[in-house]
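Engineer: Residue numbers (numbering that gives the first Met the number 0), protein chains in the order written: chain A, 0 to 407; chain B, 0 to 407.
Everything labelled a hint here was simulated from the structure, so no lab data went into it.
Errors might be hidden in some of the hints.
The list treats identical chains as one, so a pair stands whether inside a single copy or across any two.
[Unchecked claim] Here are the simulated DSSO-like pairs of lysine-lysine, each with C-alpha atoms no more than 30 Å apart in a straight line:
no. : residue 1 : residue 2
1   : LYS400    : LYS365
2   : LYS53     : LYS403
3   : LYS403    : LYS115
4   : LYS80     : LYS267
5   : LYS115    : LYS328
6   : LYS115    : LYS400
7   : LYS403    : LYS48
8   : LYS53     : LYS115
9   : LYS341    : LYS53
10  : LYS341    : LYS48
11  : LYS48     : LYS267
12  : LYS365    : LYS115
Chain residues, written in single-letter form:
Protein chains: 2
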Amino acid sequence: MSISSSSSAFLAPPHISSRQEYVRLQAKSIGVCRCIARPEEEKTVVYCKGYQTKVSRNANLSKLQAGYLFPEVCICHVARKKAAHLLKYPDAHVISLGIGDTTEPIPEVITSAMAKRTYGLSTLEGYSGYGPGQGEMPLRAAIASTFYRDLGIEEDDIFVSDGAKCDISRLQVVFGSNVTMAIQDPSYPAYVDSSVIMGQTGKFQKDVERKNGSIIVFDSAYAMYMSDDNPRSIFEIVGAKEVAIETASFSKYAGFTGVRLGWTVVPKELLFSDGFPVARDFNRIVCTCFNGASNISQAGGFACLSPEGLQAMHQVVSFYKENTDIIVKTFTSLGFNVYGGKNAPYVWVHFPGQSSWDVFGEILEKTHVVTTPGSGFGPGGEGFIRVSAFGHRGNILEACKRFKQLYN
Amino acid sequence: MSISSSSSAFLAPPHISSRQEYVRLQAKSIGVCRCIARPEEEKTVVYCKGYQTKVSRNANLSKLQAGYLFPEVCICHVARKKAAHLLKYPDAHVISLGIGDTTEPIPEVITSAMAKRTYGLSTLEGYSGYGPGQGEMPLRAAIASTFYRDLGIEEDDIFVSDGAKCDISRLQVVFGSNVTMAIQDPSYPAYVDSSVIMGQTGKFQKDVERKNGSIIVFDSAYAMYMSDDNPRSIFEIVGAKEVAIETASFSKYAGFTGVRLGWTVVPKELLFSDGFPVARDFNRIVCTCFNGASNISQAGGFACLSPEGLQAMHQVVSFYKENTDIIVKTFTSLGFNVYGGKNAPYVWVHFPGQSSWDVFGEILEKTHVVTTPGSGFGPGGEGFIRVSAFGHRGNILEACKRFKQLYN
Chain A
0 MSISSSSSAF
10 LAPPHISSRQ
20 EYVRLQAKSI
30 GVCRCIARPE
40 EEKTVVYCKG
50 YQTKVSRNAN
60 LSKLQAGYLF
70 PEVCICHVAR
80 KKAAHLLKYP
90 DAHVISLGIG
100 DTTEPIPEVI
110 TSAMAKRTYG
120 LSTLEGYSGY
130 GPGQGEMPLR
140 AAIASTFYRD
150 LGIEEDDIFV
160 SDGAKCDISR
170 LQVVFGSNVT
180 MAIQDPSYPA
190 YVDSSVIMGQ
200 TGKFQKDVER
210 KNGSIIVFDS
220 AYAMYMSDDN
230 PRSIFEIVGA
240 KEVAIETASF
250 SKYAGFTGVR
260 LGWTVVPKEL
270 LFSDGFPVAR
280 DFNRIVCTCF
290 NGASNISQAG
300 GFACLSPEGL
310 QAMHQVVSFY
320 KENTDIIVKT
330 FTSLGFNVYG
340 GKNAPYVWVH
350 FPGQSSWDVF
360 GEILEKTHVV
370 TTPGSGFGPG
380 GEGFIRVSAF
390 GHRGNILEAC
400 KRFKQLYN
Chain B
0 MSISSSSSAF
10 LAPPHISSRQ
20 EYVRLQAKSI
30 GVCRCIARPE
40 EEKTVVYCKG
50 YQTKVSRNAN
60 LSKLQAGYLF
70 PEVCICHVAR
80 KKAAHLLKYP
90 DAHVISLGIG
100 DTTEPIPEVI
110 TSAMAKRTYG
120 LSTLEGYSGY
130 GPGQGEMPLR
140 AAIASTFYRD
150 LGIEEDDIFV
160 SDGAKCDISR
170 LQVVFGSNVT
180 MAIQDPSYPA
190 YVDSSVIMGQ
200 TGKFQKDVER
210 KNGSIIVFDS
220 AYAMYMSDDN
230 PRSIFEIVGA
240 KEVAIETASF
250 SKYAGFTGVR
260 LGWTVVPKEL
270 LFSDGFPVAR
280 DFNRIVCTCF
290 NGASNISQAG
300 GFACLSPEGL
310 QAMHQVVSFY
320 KENTDIIVKT
330 FTSLGFNVYG
340 GKNAPYVWVH
350 FPGQSSWDVF
360 GEILEKTHVV
370 TTPGSGFGPG
380 GEGFIRVSAF
390 GHRGNILEAC
400 KRFKQLYN
């Protein structure tokens with residue numbers, strides 16, 4: 000996701016019809032991407048009878064709801080297909096390798112620290128009320144020294160948050176609607192959705208070259224999973240502090256998907272075109288629209304960065320990387336071309352000439368394994384399915400056994 | 000805060016100058032409210048030398064930064080004055096009765112439940128990853144039955160959040176920039192700031208009557224503090240489900256200011272002008288821009304609503320209400336007219352004909368007690384200071400003793 004300074008980068012429908020019939024209507028999907036244009040899956044949009052206020056619906060949200068952008072319907076579709084499958088096969092052992100949700104327990108060195116902080120909140124000495132919106136300074140300092148040592152990133156460049164997804168939306172609020180977002184294809188759906196919500200809609204533009212002077216938002220949520228020589232942080236690249244923001248998370252390192260803790264680096268060197276520091280506006284949004292991550296979660300984050308915590312996180316990461324290897328080897332041995340899996344625990348399996356949704360459906364029907372159709376991440380994902388490596392080892396092995404039965 | 004469907008409701012400066020000198024500039028404050036127009040307190044706006052990207056700054060944030068709206072500078076001002084005071088009197092026992100930050104420990108019945116959930120996260124059985132963005136269903140159900148029994152509010156109308164302030168900003172994103180916000184005066188600064196951030200700027204309009212058909216956003220964060228016959232929830236009023244949203248919080252009931260947990264009620268009966276349910280758009284924002292409150296905080300919220308938890312919360316509330324009574328009695332006995340204090344733990348003391356900032360300064364200088372100038376909450380607060388009743392009992396008593404010495 001990078002940002003330059005004019006407007007419009009996505010698919011806008013020529014006309015979002017304003018409906019005057021206050022009954023359940025079948026809305027036709029509008030769009031070009033397969034995952035929402037499936038004719039047999041028309042969406043039901045609910046308009047209700049009853050008292051109507053005089054407040055107009057936000058047009059940005061109508062556009063999102065209309066589902067003309069690829070990610071919108073994909074996740075719902077997958078969930079709906081899974082639910083239907085469970086109804087059809089109530090006794091099946093369905094294995095979910097769809098969304099990237101962690102499954103392994105949080106290491107005790109980390110939960111002990113959170114429990115200690117929690118008990119402390121019941122004492123006069125250990126109680127604390129509102130913390131700084133930007134996070135507690137010892138945690139900010141620990142993040143800076145653990146992940147950005149020698150990169151010139153300082154503790155006051157670190158903004159602790161309740162997760163990368165939340166920070167991505169806060170960044171959208173910082174930049175507002177008068178910017179153009181360029182988003183890679185395939186991409187994480189929240190990048191696109193949060194852009195549309197802020198009003199950054201326009202035509203889908205393929206192969207557009209952007210001018211220099213953009214701001215790069217770099218999502219490093221999987222940095223600890225990387226196994227090749229690419230930079231773990233964008234700030235390893237000389238000059239990046241003047242052009243980049245980095246967002247990151249404890250979710251996939253320590254199993255914090257439910258605990259909620261992440262951070263964003265906005266270097267003080269990053270300036271708008273008028274010389275105003277971006278960090279000052281981000282700080283303002285953090286203070287106005289957010290009141291800091293939970294102090295208990297922050298105690299957990301601090302424990303993650305102790306020597307024992309780091310070791311425990313590496314073990315968690317290694318476990319999911321082993322899962323990834325098992326999946327990669329399985330599909331490779333079956334003759335598939337496999338992409339990804341090196342720097343993130345997701346495996347992209349190529350089914351040339353086939354529809355992602357058809358492959359997804361066949362795998363679900365015949366193996367009871369939920370994957371994600373690649374086209375759900377953008378047109379570039381068509382012809383692929385994405386297999387998540389988050390899962391208990393037994394489930395990963397069982398899923399791979401079924402893949403072998405299906406494709407051998 | 001209520002919303003109708005056109006635009007503009009606040010003070011817009013005639014011109015926000017775009018600065019071309021990339022040096023530290025002294026920016027003149029622009030505005031009509033005393034709390035930002037203090038000539039001796041000119042703000043320093045920093046523009047930096049160095050590489051500038053080509054991304055323009057969000058004009059909404061420039062407007063906010065320019066500080067022409069009353070709340071912007073107030074909190075910073077108070078903090079700055081307090082810091083200067085501490086430098087001047089390093090040995091003084093400064094008592095903070097400014098912002099509403101809780102001071103009393105969280106009852107053990109609640110922290111025990113959070114610690115139990117935390118330890119559970121280290122086990123296979125107790126681990127959970129991403130939870131529903133709207134909150135865990137047992138908590139939603141418990142909130143509905145505890146606070147909205149017999150009011151027709153159901154568990155799926157409840158959206159659990161990381162706090163009321165965060166939900167207020169999410170509501171702004173739902174409504175977008177093409178609505179008019181009408182905000183009471185005096186008001187909680189975040190209502191105004193979050194409106195400006197979304198681009199809802201305009202002239203300050205006094206005594207404007209709004210048409211019917213608005214949506215009311217009702218902040219019930221202090222409902223448990225109420226001691227008169229006014230409704231605790233707006234949904235006690237017949238028909239409110241068709242016109243109102245209610246936001247609420249555990250912060251001031253259980254000391255969760257740092258733990259972060261609140262909720263918002265968006266009844267399914269609330270419709271936009273085209274009949275589309277507001278709850279569906281709010282749900283969309285919650286799922287896209289937020290990933291749910293921390294599961295540990297949610298375990299705490301659930302414990303709050305057990306019989307023991309409710310009793311413990313009532314004790315916390317009673318303690319702060321006793322503080323409130325002590326402050327009210329003190330100022331009343333000194334001959335002041337006192338407002339508030341009945342339905343929230345804040346006491347508004349009237350100093351007719353005096354400037355809020357002058358009174359604030361005199362109290363700080365002579366008693367070492369930090370209050371908040373009423374004008375910081377809007378023009379209607381001029382001539383008042385607001386005294387928060389959040390504090391240890393000893394500090395409240397000591398502050399009142401000093402008030403008596405000053406004003407007797």
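Engineer: Look at each hint and say if it fits the structure.
Structural biologist: The hints, checked one at a time:
no.: 1; hint: LYS400 - LYS365; result: within (12 Å within a copy, 78 Å between copies)
no.: 2; hint: LYS53 - LYS403; result: neither (58 Å within a copy, 52 Å between copies)
no.: 3; hint: LYS403 - LYS115; result: neither (47 Å within a copy, 41 Å between copies)
no.: 4; hint: LYS80 - LYS267; result: between (46 Å within a copy, 26 Å between copies)
no.: 5; hint: LYS115 - LYS328; result: neither (42 Å within a copy, 40 Å between copies)
no.: 6; hint: LYS115 - LYS400; result: neither (43 Å within a copy, 37 Å between copies)
no.: 7; hint: LYS403 - LYS48; result: neither (52 Å within a copy, 60 Å between copies)
no.: 8; hint: LYS53 - LYS115; result: neither (51 Å within a copy, 47 Å between copies)
no.: 9; hint: LYS341 - LYS53; result: neither (53 Å within a copy, 34 Å between copies)
no.: 10; hint: LYS341 - LYS48; result: neither (52 Å within a copy, 40 Å between copies)
no.: 11; hint: LYS48 - LYS267; result: between (52 Å within a copy, 11 Å between copies)
no.: 12; hint: LYS365 - LYS115; result: neither (47 Å within a copy, 40 Å between copies)
In summary, the structure is inconsistent with hints 2, 3, 5, 6, 7, 8, 9, 10 and 12 from the numbered list given earlier, while agreeing with the others.
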